[in-house]
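Colleague: One-letter residues, chain by chain:
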Amino acid sequence: MKISIVADFDTVTGFRLAGVREAFVVDSPEDALEKIKHLIKKEDIGIVITTERILDKIRQQVAELMEGKNFPLIVEVPDKDGKIEKKVDPINELIKRAIGVEIKV
Amino acid sequence: MAELIESVNPTRMELLKLKTKVKLAKKGHRLLKEKRDALIVEFFNILEEARGIRRRAERSLGDAFIALILAQSTLGVLKVKEVGLAVKETHEVNTVTRSIMGVRVPVLEIENEKRTLMERGYSLSDTNYMVDEAAKKFEEALAAVVELAEVESSIKLLSQEIKVTKRRVNALENIVMPRLDATVKYIRMRLDEMERENFFKLKRIKTSQERKEAEATA
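Line by line, the protein sequences are chains A and B. Residues 30 to 134 (my numbering) are what the first sequence spells out, left to right. Residues 7 to 224 (my numbering) are what the second sequence spells out, left to right.
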């Protein structure tokens, strides 16, 4: 399966250098959502890489789109400006839901 | 007291049936509890792993961005973009699934992650060392990101399974089992009551018969 990237110009350029062909430059989270929607429908995409800055704004919608699906895996990475302070840390959120208590790891 | 199961006849047959059901529920409850505990242990193991991988991926990507910026500053942003478009696609991921406590989680394998200079496919004559470095760093970062995707999706799937198992355990513990117990108790009491009633009837009949016989002989 293919790897795909939906991100800002620099991140996309970088991953293109690494040989990712399904690369899409987006300007806004809404754009990104459209693209991700499109990619989820395609059968041959294994991973969608996107940036934290983008995914943080559309996390809810993407989660709804991925409901009941295993592929593609959506993975967020920091962009060239580094990590951001997220509204909710998705991993901590999962822990809270699964175990019932909040644990800082 | 918990609710009764509706429309149940207080008979011995029903009581026997219910008793096997109670046994089954208890067994299921124990097994599910064990499954839940095992899943949670597994979940924390993977969690630990994921934190490490995320940190590694972030660091590797940070290095890659520095290399990219250097390349862009020496060759120009557009030229680097052009180079990026020329790079051959070589990355495919193979997906297989692995089972953790019956949960199918994906395992990703990336093909051909490290490429030589010639395999990348852009022209070497009008690019420089910085571009090669950036491409190399981004290849490394990509491998780390793929690994990250794998563990994070495992975490997601495991946490879902934990949630489902927990709900089942709680449903058995708080609803199904009390209800079964209450129904068993109700049937027992009804049967006992019927027995007492019968006993009393027999006594009654016996005394009245004895009285009749006494009157007859008198």
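A couple of the hints might just be wrong.
As the list claims (entries may be wrong) - Examples of chain A residues lying across from chain B (beta carbon under 10 angstroms, computed):
| id | residue |
| --- | --- |
| 1 | 38 |
| 2 | 43 |
| 3 | 45 |
| 4 | 58 |
| 5 | 90 |
| 6 | 101 |
| 7 | 109 |
Worth flagging that the hints you see were computed from the coordinates, not collected in a lab. C-beta: ideal position from N, C-alpha, C; glycine also.
Colleague: All hints are to be evaluated individually against the structure, with a verdict given for each.
Modeller: Status of the hints after comparison with the structure:
1. 38: Because about 8 angstroms separates residue 38/A from the closest Cβ in chain B, which is inside the 10 angstroms limit, the hint holds.
2. 43: holds, 5 angstroms
3. 45: holds, 3 angstroms
4. 58: With a minimum Cβ separation of about 20 angstroms from chain B (threshold 10 angstroms), the hint on residue 58/A is violated.
5. 90: At about 17 angstroms, which exceeds the 10 angstroms cut-off, the nearest Cβ of chain B leaves the hint on residue 90/A violated.
6. 101: holds, 9 angstroms
7. 109: holds, 4 angstroms
Hints 4 and 5 from the list above are not met by this structure, while the remaining hints are.
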